[in-house]
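Engineer: The primary structure of each chain is shown beneath.
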Amino acid sequence: MSEKQLIEVGKKLRVGFYGITGCAGCLESVIFNEDEIVGLFNLVDVQAFPFIKGANSNVNLDVAFMEGLVASPRDQEMLQEVRKNARVLVALGACANSGCIPAYRHYTPLENYEHLVKEKEDDIKDVLPSPIDAHVTVDFAIPGCPPNGKEILEVVKAVVAGKAPRSYAAPVCIECRRKGNYCLLELGKPCLGAITRGGCGAVCPSGGFECWGCRGQTEDANLPALIELLEQKGFSWDFIKQRIRTFVGLKTPDLEPLRRELEVEKV
Amino acid sequence: MSTQIDLEEMTKIEGHATLRLRVDNGTVEHLEIRSLEGSRYFEGILRGRLYNEAAEIATRICGICSVAHCLAAHQAIENALGIVPSPQTREIRRLLHLGEYIRSHAAHLYFLALPDYLGVPSTLSIALEQRGAVEKAILLMKLGNDIVRLLAGRDIHPVSVTVGGHLKIPTEEQLAAIRERLEQLRPAAVGTAELFNSLSYPDLHVKLERFSLYSDSEYALISGSIRSDEHEFEQNDYGRFVSEYHSPEHTANFVVREGHSYMVGALSRLANSMERLSPEVAALMRAGPFYHGLDNPFLINPAQAVELVQNFDDALAILEKLRPEPEAPPEIWVQAGHGIAAVEAPRGVLWHEYELDDAGKILHANIITPTAQNLRAMEDSLAALLPEVVDQGRDAVVATAEKLIRAYDPCFSCAVHFLRVEWL
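Order-wise, the sequence lines are chains L and A. Its first residue numbered -5, the first sequence is counted upward by one per residue in this note's numbering. Its first residue numbered 239, the second sequence is counted upward by one per residue in this note's numbering.
Only chain L is shown next, with the shape it has when bound in the complex:
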């Protein structure tokens, strides 16, 4: 986020929390800050939060948080409207940032879902599922399916203090090791923690479940190395592709050339 977009210190920020097509889990993550939610409503001027509040206003927002992905013309329209009225737009969660699981449709053969396609009125017709930055400029991204609730508060507090929020750059493995977890990859699970941006507190591996990569890849992610390791552990190339693409397919480099490079190296 550039300095010019930052908000004047001392003024109560006008904030909106919005959702387009999605599961509402990211907006819930805001509310599930049980100890801070009343404080948040005092710290900033919550102009809009249609999920939990009537009488919402969309004009002149300082910061707008947008959950969800674009899946219909109505989503596009709402997103444009919010973008136009907000100085800072934050993409809240995996759908907004990468299209999340609904965007896995890009890798789903039509024959798998054509029986589900029905005729619809114009505003809710299908458009190709896409993250919001495919349509508007996004100023800051909070990754995760859903994001860590504390992370959302940190962003609000940073903007209130006139600072640019920080994003977490290190992989999930760093936090996972710090928690003293067994390495799930070593135990033979297809864990993507090594290539995935942390900041989640390694919440899934700590719960006994392998990382599926919902926060997106780190800048220095070594995909070929992980792919090679997973293949050595007996996972098929089809399975590996499906896993890596499940949450962040649209934000993942083309996997086929990476694999071809691996094969060339082996020869």
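Have a look at the derived ranges for each label pair, beta carbon to beta carbon:
(1) Arg417/A <-> His109/L: 45 to 53 Å
(2) His602/A <-> His100/L: 20 to 28 Å
(3) Asn54/L <-> Val358/A: 19 to 27 Å
(4) Pro562/A <-> Asp39/L: 41 to 49 Å
Covered stretches of chain A (in silico footprint by chain L; criterion: 3 or more residues with CB under 8 Å from a CB of chain L, positions within the stretch not fixed):
(5) 277 to 288
(6) 296 to 308
(7) 386 to 392
Mimicking DSS-like on lysine-lysine, the simulated pairs with C-alpha atoms at most 25 Å apart in a straight line are:
(8) Lys599/A <-> Lys227/L
(9) Lys599/A <-> Lys183/L
(10) Lys173/L <-> Lys406/A
(11) Lys144/L <-> Lys374/A
(12) Lys406/A <-> Lys227/L
(13) Lys406/A <-> Lys144/L
Please keep in mind that the hints were generated in silico from the structure rather than gathered at the bench. Computed from a prediction, not measured in an experiment: that's the story for all the values here. Ideal Cβ positions, reconstructed from N, Cα and C, are used throughout, including at glycine.
Chain L is fixed; fit chain A onto it per the hints.
Structural biologist: Then chain A, alone, in the frame of chain L:
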């Protein structure tokens, strides 16, 4: 004189929906609840994925009922593979599910429904005047969340539930801490039931068959047969009882039984499982507005509040006995199969169905959500109610309609599924 009312997008519901209404000379001529969520095609995306990936994908249908989706997906897959989880796994799942009930009921009752009865836009924006109610709501929500965090690994989209078992067994100390908090907060749950019992609800009577899970041995939330006043059937027979249809105005599907609307949710559960209630909960139900008849959909709200106390009592009864032992999930024998499971999400019966090939890949997935089942009931209830208020002007019509729809605790993210229109 003809008036067309296109409600702005409804607030204080999960997901996006609107109401379209045409009134001619004081009569409601056309009425339709429109879901505005884009289609996400989860059942298509699930095809070709492995049996043990179903829950991680299907939970993303809904953040609010993610525990219910997680349990329904796992149980349907287990049924397909012929796996019966251990008694300890079952008790951990029941407790986890009760955590979701407590947070969901608390959040819906205080943040989404109560403003309608206080005549304010939001409970949080009047935090100062309603401090007591807000504090109670937040404490209840936090307890429910902490139960889910402990047993599911995280508060939304559980990760510790696995096919046939549980990945992270809680310690006795952790469970004792939860038990202590349940005991401390039980009076707040009772207070919630008393508050919602004392509110005044519009008088409305709609003939709707009330379906829920039912069991002879417990207040059924994760297993049992499907029951109403008139019918009872086994979960595997659901295809014979429900059929779905689609209309172009919606991204959601409608589910009906023999062409008629029916109702799922807290009021159906209370009505069908009255004999399973703990004595104090039964007394709270007798003290509530239910004696006017269980055919008033507005009473879903006090039903949720009364049920909240039952959730506390069930959770405490589980914790009385649960002494968790380390237990590794079972080895899975992958084979072809077909499995169906129904779980009571806080807003009603949720169905998951999977067909697996012999490598454990999903060939077919079908998910029917509570809101899809309630959509027709919501419309029928509105059709019965609106003639009463239609001459009071647009604002009154809108307020009454929203209040009624909200009482159903709908979840429009969940409802958006393109399923087969006809079920054979």
